[in-house]
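Protein sequences, first through last, are from chains A and B. According to this note's numbering, the first sequence is numbered sequentially starting from -14. According to this note's numbering, the second sequence is numbered sequentially starting from -14.
There may be inaccurate statements among the hints.
Heads up, the list lumps identical chains together, so a pair's fine if it works in one copy or across two of them.
Unchecked claim - Think about it this way: if two alpha-carbon atoms lie no more than 27 Å apart in a straight line, the pair counts; the simulated DSS-like pairs of lysine-lysine are:
(1) K29 / K234
(2) K221 / K(-13)
(3) K(-12) / K239
(4) K56 / K254
(5) K74 / K101
Read the hints as simulated data drawn from the structure, not as lab findings.
2 protein chains.
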Amino acid sequence: MKKPSALITGITGFAGSYLAEELLTHGYTVSGTVYNNEPTNNIKNIIKDLQLVALDILKPEKCRRVVNKIKPDYIFHLAAIASVSQSFKMERLTFNINFDGTLNMLEAARELPGLKKFIFIGSAECYGIFSPPEKTLTENQPFNPISPYGVSKAAAEQVTRYYARHHQLPVGIARPFNHSGPRQNEHFVIPAFARQVALIEVGRQGPVMKVGDLSPQRDLSDVRDIVCGYRLIGEKGRPGEVYHLSTGKAVSIKTVLDTLLKLAHKTIKVTTDKSRLRPNDIPVLRGNNKKAVQQLGFKIRYSLQDTLQDTLNYWRNQVQ
Amino acid sequence: MKKPSALITGITGFAGSYLAEELLTHGYTVSGTVYNNEPTNNIKNIIKDLQLVALDILKPEKCRRVVNKIKPDYIFHLAAIASVSQSFKMERLTFNINFDGTLNMLEAARELPGLKKFIFIGSAECYGIFSPPEKTLTENQPFNPISPYGVSKAAAEQVTRYYARHHQLPVGIARPFNHSGPRQNEHFVIPAFARQVALIEVGRQGPVMKVGDLSPQRDLSDVRDIVCGYRLIGEKGRPGEVYHLSTGKAVSIKTVLDTLLKLAHKTIKVTTDKSRLRPNDIPVLRGNNKKAVQQLGFKIRYSLQDTLQDTLNYWRNQVQ
């Protein structure tokens, strides 16, 4: 039987690299798009098993040519400005990459006969502000985004659903909640903390950690569970449907910090860094994951403790 | 006292031209942007009272320069691909003009000290599909757009609200339901019908009218009431708030057709033209207008009969 084939945009990124591993492990032929000369260290262990092609996702004609050359069974569209905090600093680029980039890939996918699924990666950040703020969200929760990232992903998801409905494109929509793990960059809170712990352990930073607001609560998964969800949406997701990928529980950033401090080999003090305070943050994000569990067999295999330990070990290696 | 000043993007368009008249009547100094050599016949009677500047809304630097040169008290951002049916035929242009164009104007407005209000024109089309389909919508109804126009306006409104919240831009958001009147082009249903009646009356079309789906119900206002609402949102709207501009009632397209047929000077037969059937249409759009009535003093002054009579007379002049 012919192996299934997948094209991953953003393959060199955090989730992209784990998705590539997940798909290789499950017998896929994996291709991926690389922007300019972006670093490929996230995929260095699997690079010999991958077909890589250069692509600027903002060029519609190039997107079309790449898709038409590779003719994948599945397109996993992960290329994005993925950091909420960075999106405030590069609003326009966030809208361009996340919205126009998605539109370009949808257009390219539409012209590919035999495509089995276009998997779009949405985000729980699209929910923004809602009431009551502590409620557990289902996939029906309306969007009310408050960050450029959230606005861009909301628009991109809406245009993806339009392509499903109007152009009969077989799409699957993942709506992941926060996820972390090794390889995530330090614009995200868990690697920002883990990196500082590692720097303090080797004496490259004084024994004081700089943190932002510790009160937000987030539904934190391991990236390895999330990319398994992406594969399952490709294989089993009902066309046009949206799936939460989450744990169903929310923990505060303070809990994350305390857990990391316990894993640290040195005693560490904590101080607030105002530059790390994000404007108008969402107090709680917690996602009901029953639909993915029941329809796809989605499972949480990694505990928060596992994720934090692995992420800290990753940064211990990085800072050496 | 110094006259208030307003800049209207899309001033040569249907609603733009009426808004210019509304503002002139109420003592404003009115400027407007014109794209390339687009026709100015909609504003021919007031053109001597207007300051017109050339602008391609897709050029961020040009938007900035125009806003900074005119330094208006109010910016009414109307420039858009405004036809739902046309948006299916020019998806990308719709996203570009309606989203990127709004972003460019927001960016330009943000740098203008003393701006009193940036009035963004959203759309009831953003609501898309909802349940039950016959319900009367309030401003809290979530967006679930099904047309490129709806997706583009939803994204543009979300980014406008982001500018209000994050950049403290004083914005007012109009969310008009369908509106018509003289000068609207024939991509919209009422002028499409009225034009055919006029053509048939003078013998330039056989006695058969071509129509699309007559079952959708729409909340139909007169453009002259809607642009009065835009002015009121500028003057009295609470910053960051959204206001429905609507009648609170919905009538079927069949009722519109029957009323026009009664106004016609000839007996006219009706036939369905499949090319006029719009994909996945919204069955009913009806908007609760209490917020605008109570907070702004918004009023419906024109009946549907008035609007249809005036529109038919306009087309009788046009086809001569």
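When the structure is checked against the list of hints, which entries are broken? Sort them ascending. 1, 3, 4
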